[in-house]
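K.L.:
Residue numbers 0 to 116, in numbering that gives the first Met the number 0, belong to the letters of the sequence shown in order.
Hints should not be assumed to be uniformly reliable.
Quick list of in silico lysine-lysine cross-link-like pairs, BS3-like style, CA-CA up to 27 Å [stated by the list, open to error]: (1) Lys50 with Lys61; (2) Lys61 with Lys33; (3) Lys50 with Lys114; (4) Lys61 with Lys87.
Here are the computed distance ranges between Cβ atoms for each label pair [claimed, not checked]: (5) Thr110 with Ser82: 35 to 43 Å; (6) Thr54 with Cys23: 18 to 26 Å; (7) Asn63 with Val16: 20 to 28 Å; (8) Leu111 with Ser82: 17 to 25 Å; (9) Val16 with Ser82: 15 to 23 Å; (10) Arg81 with Val13: 40 to 48 Å; (11) Lys114 with Val30: 14 to 22 Å; (12) Asn6 with Gln34: 32 to 40 Å; (13) Cys113 with Tyr74: 38 to 46 Å.
The set of hints was computed from the structure by calculation and includes no laboratory data. Ideal Cβ placement from N, Cα and C applies to all residues, glycine included.
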Amino acid sequence: MKEEFQNRTLEFAVRIVRFYKYLCETQKEYVISKQILRSGTSIGANVRESKNAQTNPDYITKLNIALKEADETQYWLEVLLRSEIIDKTEYESLNKDLKPIIAILVSSIKTLKCKKE
Numbered sequence: 000m001k002e003e004f005q006n007r008t009l010e011f012a013v014r015i016v017r018f019y020k021y022l023c024e025t026q027k028e029y030v031i032s033k034q035i036l037r038s039g040t041s042i043g044a045n046v047r048e049s050k051n052a053q054t055n056p057d058y059i060t061k062l063n064i065a066l067k068e069a070d071e072t073q074y075w076l077e078v079l080l081r082s083e084i085i086d087k088t089e090y091e092s093l094n095k096d097l098k099p100i101i102a103i104l105v106s107s108i109k110t111l112k113c114k115k116e
């Protein structure tokens with residue numbers, strides 16, 4: 000993965016850490032906040048780990064895990080919105096950063112799978 004994308008997922012992880020602190024300190028939300036902290040920071044960790052993949056299938060696996068974590072993060076954001084713990088502006092702000100990450104992961108995985116065949 001390009002360094003720019005790795006930086007994007009790192010910056011998203013930092014936003015999630017700050018969001019976690021906000022949820023705990025301001026909203027007094029402790030359960031879902033831990034879930035979104037885990038999944039939201041795991042995206043970048045798996046993208047970073049993919050740099051050291053030993054084979055193309057291993058690389059694809061790491062990116063698939065990152066994609067699953069991104070999807071889970073999106074799910075938790077929707078739960079927080081629908082349960083009125085966060086408002087639409089907060090949701091859209093984070094989702095605006097998450098959507099392109101998901102799109103890049105999907106595109107990269109498809110490209111790598113095509114190269115494999």
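K.L.:
Each hint should be assessed against the structure and marked as holding or not.
P.N.:
Hint-by-hint comparison with the structure:
1. For the hint pairing Lys50 with Lys61, the CA-to-CA distance comes to about 9 Å; that is within 27 Å, so the pair holds.
2. About 22 Å separates the Cα atoms of Lys61 and Lys33, which keeps this hinted pair within 27 Å; it holds.
3. Taking the CA atoms of Lys50 and Lys114, the gap is about 18 Å. The hint holds against a cut of 27 Å.
4. Among the hinted pairs, Lys61 with Lys87 is inconsistent with the structure: their alpha-carbon atoms are about 31 Å apart, more than 27 Å.
5. Checked against the hint of 35 to 43 Å, the pair Thr110 and Ser82 passes, with Cβ atoms roughly 37 Å apart.
6. In this structure, Thr54 and Cys23 break the distance hint of 18 to 26 Å, their C-beta atoms being roughly 40 Å apart.
7. As the Cβ distance of Asn63 to Val16 is approximately 24 Å, the hint placing it in 20 to 28 Å holds.
8. Roughly 37 Å separates the CB atoms of Leu111 and Ser82, a value that falls outside the hinted 17 to 25 Å.
9. Look at Val16 against Ser82: about 21 Å separates their beta carbons, and that is inside 15 to 23 Å.
10. As the Cβ distance of Arg81 to Val13 is approximately 25 Å, the hint placing it in 40 to 48 Å is violated.
11. The supplied range of 14 to 22 Å is broken by Lys114 and Val30, whose beta-carbon atoms lie about 41 Å from each other.
12. Distance hint check: the CB atoms of Asn6 and Gln34 are about 25 Å apart, inconsistent with the given range 32 to 40 Å.
13. Distance hint for Cys113 and Tyr74: a CB-CB separation of about 28 Å, inconsistent with the stated range 38 to 46 Å.
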